[in-house]
Structures are given as structure tokens and as C-alpha cells.
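Protein chains: 4
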Amino acid sequence: MARYDFASDNTSGMAPEALASLTEFNDGFMAGYGADPVSARAADAIRALLDADVEVRFIYSGTAANALCLSWLVRPHEAVLAHQYAHIVGDEVGAPEAFGGGLKIVPVPGPSGKIDPKALQAVLDQPEQARFHAQAALSLTNATEFITVYSADEIAALTGPAKAKGLKVHLDGARLASAAAAGFEMKRLKDLDIDMLVMGGTKAGMLTSEAVVMFDKSLARRFDTRTKQVGQLPSKVRFLSAPWVGMLESGAWISRAAHANAMAKKLADLSPFPAAHPVEGNGVFLKMPAEALSRLNAAGWAVYPFVDGSARFLCSWATTEESVEEVAALMRTLV
Amino acid sequence: MARYDFASDNTSGMAPEALASLTEFNDGFMAGYGADPVSARAADAIRALLDADVEVRFIYSGTAANALCLSWLVRPHEAVLAHQYAHIVGDEVGAPEAFGGGLKIVPVPGPSGKIDPKALQAVLDQPEQARFHAQAALSLTNATEFITVYSADEIAALTGPAKAKGLKVHLDGARLASAAAAGFEMKRLKDLDIDMLVMGGTKAGMLTSEAVVMFDKSLARRFDTRTKQVGQLPSKVRFLSAPWVGMLESGAWISRAAHANAMAKKLADLSPFPAAHPVEGNGVFLKMPAEALSRLNAAGWAVYPFVDGSARFLCSWATTEESVEEVAALMRTLV
Amino acid sequence: MARYDFASDNTSGMAPEALASLTEFNDGFMAGYGADPVSARAADAIRALLDADVEVRFIYSGTAANALCLSWLVRPHEAVLAHQYAHIVGDEVGAPEAFGGGLKIVPVPGPSGKIDPKALQAVLDQPEQARFHAQAALSLTNATEFITVYSADEIAALTGPAKAKGLKVHLDGARLASAAAAGFEMKRLKDLDIDMLVMGGTKAGMLTSEAVVMFDKSLARRFDTRTKQVGQLPSKVRFLSAPWVGMLESGAWISRAAHANAMAKKLADLSPFPAAHPVEGNGVFLKMPAEALSRLNAAGWAVYPFVDGSARFLCSWATTEESVEEVAALMRTLV
Amino acid sequence: MARYDFASDNTSGMAPEALASLTEFNDGFMAGYGADPVSARAADAIRALLDADVEVRFIYSGTAANALCLSWLVRPHEAVLAHQYAHIVGDEVGAPEAFGGGLKIVPVPGPSGKIDPKALQAVLDQPEQARFHAQAALSLTNATEFITVYSADEIAALTGPAKAKGLKVHLDGARLASAAAAGFEMKRLKDLDIDMLVMGGTKAGMLTSEAVVMFDKSLARRFDTRTKQVGQLPSKVRFLSAPWVGMLESGAWISRAAHANAMAKKLADLSPFPAAHPVEGNGVFLKMPAEALSRLNAAGWAVYPFVDGSARFLCSWATTEESVEEVAALMRTLV
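Chains as they are written, first to last, in the working numbering: chain A, 9 to 343; chain B, 9 to 343; chain C, 9 to 343; chain D, 9 to 343.
The hints are simulated quantities; they were obtained by calculation from the structure and are not laboratory data.
Treat the hints with caution; some may be incorrect.
[What the hints assert, rightly or not] Straight-line C-alpha distance at most 30 Å; calculated DSSO-like pairs for lysine-lysine:
| hint | chain 1 | residue 1 | chain 2 | residue 2 |
| --- | --- | --- | --- | --- |
| 1 | A | Lys273 | A | Lys225 |
| 2 | B | Lys195 | B | Lys171 |
| 3 | D | Lys295 | A | Lys126 |
| 4 | D | Lys295 | B | Lys171 |
| 5 | D | Lys225 | B | Lys225 |
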């Protein structure tokens, strides 16, 4: 039988704190569309974590949350700058472009998923021309697609020049819990020139729930109307917000991510194959021969080659030491 | 404190069978994006209910599911015929038009939310002209916005002429459980010329989950790609499909709806105000003076005037006899 | 052989001044995309006519110009208020909605194509709700679809309340020449709270060319990029702007429209059938029995019933006294 | 004063045959929206040139015509394969993506603007995956962006494999006249598996007019409705079709292009700088040092570096031997 332990960080169920919270808040009648006390409490928990007076909305899907934010910040004839391997570039079937009515994503290079500040500056320095999409936003991802982690200073070094040119800033935080567990300072987010943040619940151990956080609160004007229009305003928002209450108030959002990070580190340590990228969060990318990967797959382990050719192993709150040891032991026979 | 018991059928939590199933299937690692055994089992349960070999997909939101289906059946320069008070007309901030890149919804009249066959025929008889959207689909709703219930024969009387003119047919079944509990024969759906059905989980007592059912299985080609693009392909589909397993295998999808219907009937019976529409499902629309409704609201009951001016009371699986009696007693003091 | 003299005001060719100007400016090499001296000169002529320092762009199509402007002023989840019989409502296959990614047009009633100020106020007074498109613009048409003419004061009475609520204002001036010839004061436009004006060339006797005029010059930022994206930025703009030079510098834009207006007046005077609307511009709507219209059509005259059931006769710069007399004489035999 | 002789092939006016035809057909009243005799005659001339029974529509803009066709052949979740330097990739501000509601263009490499058949096959061989746009069309350009010319056999070698995989085929023929003048056999087009062809009038010496040619006539169903919706259905179509009558019936569409091609050849012969690509049509790309190009610009010649770094010189029907000699003489002083 196939083993999905390392296939992605969305192959596991809800963490106990999320499920407990969901169960707890299942009772009783509540107003729909976000006006319920559970959602208010979850938003408060996010404000506390960020130490910032932000607007918060709960959205079903990370793909949709990113696309919704980008189409909110940018008009159809404008462009978003993003890392060439960002999720919004290659993994969302053009959702940002579709939501945005024709907006363009301009890829920017950089090692291991992080935008190179010089490469960004070179793009920012291009003169605006009427027959090309005009640069209007910068999108960052933390942790990155290669599960490397930007420090607050590294983010500031990218958002500063973008802001100086008038761009808006979006942060895809699908794996922000992993970054936080790796030391990223959540309370510094408010000072990093970010307009909209998508804070990930799904990969942190909830059902499927992402929080859209608006540091610039004026962005919330008519946002719910747009959210409804794109099919992302749940009637029963409490089911998206309840897991946040459980995960944040207990500290599990970070502590469960720390476990996932530790499992990735352990796998890197035990692996006979070298890592292709720094192991900073909940994933390891191994330089394995195709033959070895095939045999791993044949043994039942669902693990896939990533865009750079390495084999991607992701861990989650549910990953066990035993499974790490088991797959590592198998790998040692494949060298 | 406000009482949301009758404000909508989405103000209650999950029915016990849904929550139990969600909890049961939380364990273990599973493939994402629909390739998991829970989703397969839920789809089987739907096929059994319909006695039909259909394609099934699980979608977060009813608004999105309708918009996705309509944009799948109709191109931007084409039109969908729907009842003038259908949910897709007035309650989705133009989601179908937005998903569909400019498609148009043409309203068709009829009493108590049901399309009048003669009115439909009159619209179908209009000659196609290049400078107007071309008719390409018919959208029905069962139970309707006024919670009246089409019989299978009534549906056939509408879909037959539409099909004869080459239109596709979509059925918005957000409240199909209510219709089924009211006697609508689920096994006849497969013979009613319906191409795509949105089968409601949310209002039937799940978290937020709708099943897109394709009677014409060829429609499933590349559907997942489009679903991903519009932000409606969950990574953790098991959480959308698990409640369906619990609700369908136990029979609760219909039996819980039967309770909701019974509560609406009881409320109609106890109400001193007359019903504006036939009480056939889980809702009652009362002809109340504005003054009486104001006083009801002031007493804490969140109940709203509907598009026809009547006061809409909706019941769900969680509605209690006590609350029905309580609100009815209060109403009798307001006459 | 069919006679299209009165079928529309777009069935005639270019007025002599337009054709002469097009021919004159055909020679030589010029920069593309609007940076040519002919376009600059045409824009100057428009600024002189309006006595205002406006931004001007030349666009192929009136449908596209309206859709482009509305999608520029309004976002997908926002609404445009317009007369229920405005061209943007019923005659453009949803171009504004398609360009605008889902924006909605809210129809407002009023007699003979003019918005009733009280009806507008009633719409403006509706409270904003998250689940409906938010009002963001008012669109007016002068001359109207029934070829009636707003005075500057009448426009101010509509745009004032709209502006007070924060709406942007668009004026569809496909037949603005006809309004100007009927006495509308062009130099007052700049004081009427209009953000974007589409000034009609096509129906005024050019080939197909509309001028987008931005009273709020900041709206021109990145407008050319968007115009290119929607396929409305011509490479050879000089061919769209040249006719404007000829028509405006000679005064023909208004004097040719005055002729069209006079022909409509003459037709109304000679017609045995009464006019359904005030005859103020270049059109007459006659209350003819269907039988009479059929016989008119059978005699070769292409004239169509309009949305209100009356028969629409439009005149242009090319309409001759003889054709007016001929059709009127025929009509007198049909009474 | 700036000289735009070589800046593009859209900096010149109409060829005499186009202007004469426009003037000739200016008289009289005609039906709008394409139902006029001039448009019928122009379509006949195109059918004669192609020796094929095709559907023809006249569109304002090449950008729009391409975007319209691609959005007609492909749905939002599907992809178009095109040369990496095709006009639709980099020069239309994402018009195809915007018209197509999110469709994706997948770039394919190849030398001098032509798709390498092996590179195409490699893309076609990629397995379809639900989370990426599905391949649905191939777009070719003849003459290419580097003004090289595909032979009919070369096109067949690309469209054959595409068709075998079920893709539709679009041909951007903005410079098809140049290809025809270079020997491309127009009568073979009908046998090359092309579904939709955009045949260029603008760069061939008309005002701005492109002909959309449908080899698969069933594609014309409801096409006018869509064309109206995207703002590309002119009321006065005769002004777009008239130049085609003059240019095709006289043979000028090809003979004027032959002149342009000859001027490009002459410039390549006289230039002291080598050509970066084969000189097959109406353009020359010269490998000039940046310093030399700067001095050419400073002398008033508007010539721009192209995407490959070479300096692009385009010729048109209006290019004179004298201007070629003049600019070549100047270049010889810049070596």
C-alpha cells in the first residue's frame, strides 16, 4: 500500500488541537459569513501573534487566497514580481492570472527559492513601457518552495526597494508556521512593508483554511464582496476559523511545525543522499539518482522529483520518527 | 443575545453523522487532490443514491460550484436561463458571470420560485440574434429559493424543451436533501436530462462541502484543472468528502432533512401569520407586518425579509421543537 | 433593393471633411500607437471644443470604449448605475461585464431614455451590503438611446448626488454631436463632475473612431497599457484621429449633426404617425401599427421596432430631404 | 525631425489601392455589422486567393484578432503552444490571456523565430497533468517575428503532430503578405491543418484591418456575438473590408509586399553590419554595436534594438530606394 507520509505536507489529517477546536465550536447556532464569535476570536489570536492591528479573513484555499490577494492589489494590465519557482508561478494553473483578468507574473531568479536582491533590483530598474504589463506588486513566499526560510532582514531587503518604486507587497505564508518554528520573528512582520499576508492553516495541520491578513486595513473595504464573488466566502466560516483558535491559543501552530522541521532535519541527517538546498524548515530535497527514486517509489513511498530534479520529502505535524527511520534505512540500501 | 435558529439553514453546526465521519477519517496519510479512498467511498455513496454511473467532485462552496458548472457549460457570449429569484441571479455577487467571463443570466418568471413552463417556452422561442447572448443552458433549483419542491415530472417538463433546443441543464441542489425528504425521487434524476448537478452538503448538515455530479461523464475531461484554476480543488479533499460518507451511508442526509422539513411545517402550523408560499421543505415565508418583524428582531430573533417582502424562516437538522414553539408563541403576541 | 437611410446613423459613409482629412494625413511615415502629430492635433481640437485640459485617446469602437472606461472606473465586485435602456445594458452582449471581469450594471428607470433623478436617488439611498455589488459609478448617455437630449443642468442634477456618494461618472457620448447640435453646451462638460467621456466619431460621420476623454487626467496613468491589452490601441492611430481634425477644425462635427437633427425634425413633421418621444436630436420614434411597419419594410425600407415597440428612424449627415419626403409620403399611404 | 521609415511596417499610410477603394466605397447607405456588399466582395477575394471555401470576418486590430481566435479555440484552463518570441507572447500585454480568462501560452524555442519541430515534439510528448494547463492549441506566425518565412512544408511538419494530439491550430498572419511575396504558396494554406488564420491588412498597407479566416467553417457559429462582446464588431465594417477589395483584386496585397521585401534585401546588401537572421521578408536585423545604433538614433532614425539585441529595420510598401541608400550610407560611416 502506498505511503504518503513524505509526499506533501497536506497528506496528513488535522492536528489534535485543530480537531478538538472544530468539535468544540460545532454546537449551537451562529451568524454566517464571518460575523460569528469563533471567527472574531481566531482573528484576535492572529493579531496577538503578530502584535498588530490587522484585518483578518478566513478563506478555503491557498491557491484562491493568493489569487484573490494578487487580483486585489494589481489590475489586469499590471504585473506581479515573484520568484521563478514560486507556487503562484507554476502550481496554480494560472489562478492569479484568471482571478486577475490578465495580470502577469514576472519571474525573478535566486538560489533555493529566495529572490536574489540584485536580480530584483535589475527588474525594478527596467523602465516602464506602455506595451508591457506595469510592475505593481512583489510576491514573496516564506518558507519558500524549497523550504528555505527568509529572515525578517532578508525580507526587508526585498520589500524596501519594491515599496520605494510604489509596488504593493504580498507574502504567501502557506508554510509560515514552518518559518516561525525555524526562528522567523512573527512580530516583525508588521514592520516589513507587507500589505497582504496569506497565513497558512492547511499545511500547519488544520482542515483547509488560510487566513488573509491585511496590514493595510483600508484594503478590507469591499473585500468580502469580492471574496463572495470568487466563491471564497464560506457561509459557515466558523469551521475555517475554529481550528485557528485551537492551534494558536495552545501554541500548537508553531510547536507542531517545530516537530515537522525536526523530522526534516532528522531525515537529512540520516539520508545517504546529499541535500540540494539548505534544510531550514519542514522539507528536504535530496540529490538522488533517478534509479534510486524509482526503487523508492516501487517500495510504496510516494515521493516526487521537484522542479530542480531533486527528490522532495515534506514532513508535517504527523510525521513520525519511525517513518523517517524506515525511509532512511531503505534509502541507504539504494546508494 | 441574538438567536440565529431560523436566520438560515447554514447557522447550525455539523450533524453528528458528519462530525463523526470527519473525525473517523482524520487519521493517517492520504493522497491529496481527490485521489484518496474517502473521496472514492463518498462518490460511491452518491452513485448509489442516484443509481447512476456519474462523475463526482467535491467543492468547497455552493456559490463556486454553481459558477464553476455554469462556466463549464456556457461560454462568455452565451446565456443561462434561470428563475428570476434563483440564488445565482441575486445572491452570488455575479459569481457565474465572473467565472464565466461575461456570460449572462436571463431571468424567467414563475410562482413561488418555480419556472413557469410557458414562460420558459416563450424565452426559448425567441430567435437567436448576433448582438445578444445566445441561449446555451437552463439552470434549475430544487428545492427552490422559496423552498418549494419540483417533482421529477415538473423538472422534465422544463428540461425537455430546453434540451430540444440544444441547451445544457444545470441543477442547483443546495437544498436537494430537503427536496428528497419531501418526496423528490433521487433515482429519477438520471433520467431528467440534467448535465451537471450541484448536490448540497453545507445546508444538509456538513461543514462546507458541495458535490458536483456529472451525469454526462465526458464533462469530467480536464474539469480538475479548471477546478484548481478557480481555487476550488482542495488539497485535503478528504475533509470535504468524509461528511458525505457519514451522512449518506447512515441515511442521515435525508432523515436529518426530514426533521428540518417537519420543523418548518410545525412553525407554519403554529404561526398566526399566513404563509406566502407552499410549505414543502425546510422553510416558511410568513406574511408579517413590518412592525411585527421589527419586534421579533428586537426580541433577538435574527429573521430577515426576503425578496418578496415576506419574512423567511429556515430550519435545519438542528432546529428544535422548543425553539419553534418559542418563536411561534412570541409571534402570537405580535398579531 | 433595401434602403438603409434610416436604419441607423451608422449606415452612411464618412462625411466629406472626414474623408478629406483621412486622405490628407495618409502621406509620410509617422510614429505608431498615438505618438504622431495628427493625433496630437486632434486632441488639441477636442480640448478647444471642451475648453478643458483633458487627456484624449482614440479608440476603434464605441462598445469597446464604453466597456474599457467602465472597467477602468469600477472593479469586478462593483456596480455601474445606468438607464435601463442604455446601450451598455442591452446592446453590447455584456461587453462592460466581460471587460470588467464581473462588474454589474444596475438599471435605473426614467422616461424617454433619461434617468429620473428621484429613481436615481432611491438607488443611491440603498445601504451597501457585502453580498451585492457595491455602487461605484454612474453612466449617462447624451443624446440618449431615444435620442432625447439632457441639458447640462439635467446632467448636473444626476452627477451631483452620485459624486456625493463617491461614485465615478462616465458619459457615453456616441451621439454627443447630435446633443451639441441640439443646444447642449460642450464647454459646460468640464464642470459636470464627469470623469470619463466617450465622444462619438462614428455616428458623427467618421469611419469608426471614438475619443476617450479624461477630465480627471490622473486616470490616464497606464491607460495605454490597458488599452493595448483589450485590443483597442491601434498601431496606425492617425487613421482614427485624422477624421477628428477635419470634422472639428471645420466645425462639421456639429454642423453635420445639425443637418441630421433637422432631417429627423422634418420626418416627424411629415409623418402621419405620432412620435413616441420628444424629437430633440437625429432620431424619431414613431407609433406605427405593426402592419404599417411591415409594409414599410416590404417596400424596402430597413427600419426596425425599438425596445419600446415604436419604429426607430435615425438620420445622419448623409440623410437627404428627398429620402425623408419619400418615406413620409409612403407612410401616409399606410395610415 | 525623426524618421520613422524603418521603425516598423505600421508607420506608413495606406497604399494607393487601399485608399482608392476606401474612397470608392464611401458613398451610399449600407447595412452595418458585416451585412454589406463590400464585405461580401472582400471575403470573396480572400476565398479566391486561398482557393478555399472559408468563413471571413474583418476585425480592427491584430492584437485583438489573435486574442479573439485563441480564446475561441482554447478554454481558460488550456494552453497554447507558441514560439518563445511570438508576438502573442511578448507584445500584446497579455491580450490572449485576458480575452481567454486565464489561458496560458507555453513558449517553444527555435532559431530565428521558427519553432524547432523537435522542441515542439518534446512539448507535445509531455504527459497531461491535472495541475497544469492542458495543451489545446498551436499558434504559428508567418512571416515570423524575425521576418523569416515558413514554407508550407515546414508548417505541415508542425501542425501535423499538433493535430495528431488533438490540438487546434492558429496562424498569425500579420505579415502573411510578406511571406506570400517571398514565395509562400497561399493556395496550400487550406491543406495545412489550420483552423483559424489572422490575415494581416494593417502591415500590408491598409488602415487597420485584419481578416479572421476560418477554414473550419463550423467555428463561425456565434462568432459574431463573441466579436461584439469583445468590442471588435464594427458597425461600419465596410471601412475595414473596402481596402481588402482594392488590395486583393489588383494584386497589390502581394506586389506591394514584394516591394517591401526588395527594400529589406537592398538594405541588407548595402549594410556594413551583418544580418543576425536570414533576410526573407520585409525586415533586416543587423548586428550593430550599441554605439553605432545610438548614433543612428541621434541622427534622427527611429530604429530599435529587438529582443535578441540586434537592430530591427522594417520596410513597407512605402519604403523608398532613396531612404534605404541614405540610411545605409550613414551606417557605413558608423563602422
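- Task: Decide if the proposed pair is consistent with the structure: A/Lys273 and A/Lys225, CA atoms, cutoff 30 Å inclusive.
- Result: Violated: A/Lys273 and A/Lys225 sit about 38 Å apart, past 30 Å.
- Item | Pair hint outcome, B/Lys195 versus B/Lys171 [Cα-Cα no greater than 30 Å] | Distance of about 20 Å is within 30 Å: holds.
- Query: Can the restraint linking D/Lys295 and B/Lys171 be considered satisfied, given a maximum Cα separation of 30 Å?
  - Reply: Distance ~63 Å between D/Lys295 and B/Lys171 Cα, so the pair is violated.
- Does A/Lys126 lie within 30 Å of D/Lys295 when you go C-alpha to C-alpha? holds (29 Å)
- Item | Pairwise hint evaluation, B/Lys225 against D/Lys225, where the allowed Cα distance is 30 Å at most | Holds, at about 28 Å.
When the structure is compared with the earlier hints, violations turn up for hints 1 and 4 and for no others.
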